[in-house]
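So the protein sequences, as listed, match chains A and F. First residue of the first sequence: 8, per the numbering used here; consecutive thereafter. First residue of the second sequence: 2, per the numbering used here; consecutive thereafter.
Hints in this document: simulated from the structure, not taken from any laboratory. Note that the structure is a prediction, hence the values are computed from the model and not measured. If a hint is listed, it holds; no wrong ones were tucked in.
Reference excerpt, derived from the structure (chain F facing chain A, CB under 7 Å, subset only):
| no. | residue |
| --- | --- |
| 1 | V98 |
| 2 | K102 |
| 3 | E106 |
| 4 | E109 |
| 5 | Q201 |
| 6 | D203 |
| 7 | I205 |
| 8 | P208 |
| 9 | F211 |
| 10 | E212 |
Quick list of the computed label-pair ranges, beta carbon to beta carbon:
| no. | chain 1 | residue 1 | chain 2 | residue 2 | range |
| --- | --- | --- | --- | --- | --- |
| 11 | F | E231 | A | E128 | 45 to 51 Å |
| 12 | F | E231 | A | L268 | 51 to 57 Å |
| 13 | F | R119 | A | K207 | 31 to 37 Å |
| 14 | A | P104 | F | P82 | 21 to 27 Å |
| 15 | F | K48 | A | E128 | 30 to 36 Å |
Straight-line Cα separation of at most 27 Å, DSSO-like style, residue types lysine-lysine; simulated pairs:
| no. | chain 1 | residue 1 | chain 2 | residue 2 |
| --- | --- | --- | --- | --- |
| 16 | F | K89 | A | K137 |
| 17 | F | K48 | F | K13 |
| 18 | A | K255 | F | K223 |
Ideal Cβ placement from N, Cα and C applies to all residues, glycine included.
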Amino acid sequence: MSSLVTRVRQKQIGQLIDAGKRLDGRGLGDYREIKLEQGLIERAEGSARVLLGKTEVLVGTKVETGEPFPDIPNEGVLTVNAELVPLASSTFEPGPPDENSIELARIVDRGIRESKAIDTEKLCIEPGKKVFVVFVDIYVLNHDGNLIDASALAAVAALLNTKMPNYEIKDGIVKIKAGYTPLPMKSQPITVTLGKINDKLIIDPWLEEEQIMDARLSMAINDEGNICAIQKGGTGYFTPQQILEASKIAQEKAAELRKKLDW
Amino acid sequence: MNEKLEKLIDKKGLRLDGRKADELRPIKIEVGVLSNADGSAYIEQGKNKILAAVFGPREMHPKHLSLPDRMVLRCRYHMAPFSVQERKSPAPSRREVELSKVIRESLEPSLFVEYYPRTGIDVFVEVLQADGGTRCASITAASLAIADAGIPMRDLVVACAAGKVDDTMVLDLMDTEDKVGVADVPVAFMPNLNAITLLQMDGILTPEEFENAVNLAMEGCKKIYALQKEALKTKYMSIKEEVEE
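Required output: the full structure, derived from the provided sequences and hints.
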């Protein structure tokens, strides 16, 4: 993504970061204000909206029946998709998903999948034939930076809010019954993204920081504080020391967020 | 693979293909294998067979994508339909789109993009046969292809994965280890600059295990780096011999 930040502004952001400050008044390790709301789309099986500063992401989940993957016949299926909706930013265009939205979806997917957040074995109806398929659709409504953390948070919040239809098997035919049970969840991964500007690590980069930063590093942390997914992005690099420092910061931040969140 | 029948590491501590935990697969690298490309490289790492080609710096097509102050690096990672057990559709999958992006971002820090304003460099990677760790082998080959094209670079980029299999930290995971193992950490590295340009992970690792994995992967990178340089030299030695004849 090309930078829309003027040189004067770039310099200002850089100098502030050198002094341990940020343009919006945050410290280098602070998140913007996070607001979380669940269950606002009644037609969806689960939904959540996250406001991370001015970044706004809505996630809706749908649960349908479908076929399992042949190599894991007794597990349900998770599908994550992300839409960078044109109303969210002047840089988003209508059309098929571009590499940014595919990467976003795959980072969120990996965090949920690798932390084994969903108990997929409980989504099996008939091994090899029928399982529940959970669709997680990420809808970015306003882009003000750090879509990854906002989307990951909204996705897990929506899954925690997701209901699964009740069913019974009669004469080999699966019948959906009235009523719902909550989606079986095992873990609640939290993804923390750091940016690198002037060789300093910052938490939760907002749009202008994102446009001038050298590189970013996203880490998904599970309930036990272990790392379950990582993605480096951006055209710059990290030194091995910075990676370890980032890993420590991500642990702390994830634990801090986990305490605050009520989901 | 749902039933964990197989132990991936035997009692002697050897892996499915007989390697030790910190041992790389056999690697063969060749530079300058395609005559039409400005630069090219071929790598075999275990059963991986990957071709990389570089075109440019050249005029951008379409033109409006060019940038006034720097060149644009484009990258396409693609797997041949016959490269895996079940035929893969030749249309780019979401995985390939993501890998194209992360490979590009792993190579870009090695280039002086401001040297060639208004131009583009295209890197094409074709996986002819896949055996786990293709993104790493692709980066190793693509970086060599860029060097072969004579494009100035800060350093060669070399990549290698480490991961946890059963309870052991292993280097350079092959297909089964990647799929059945606990975690996989691909790392791309520029040894002379001590810079990590690609880092991904899936699976679950404690922070200490993660640190060990990154260090092990960097050790692997350094070994492959020597092979990379050797391959480049071999090409120029053969040109020298031709000229002298």
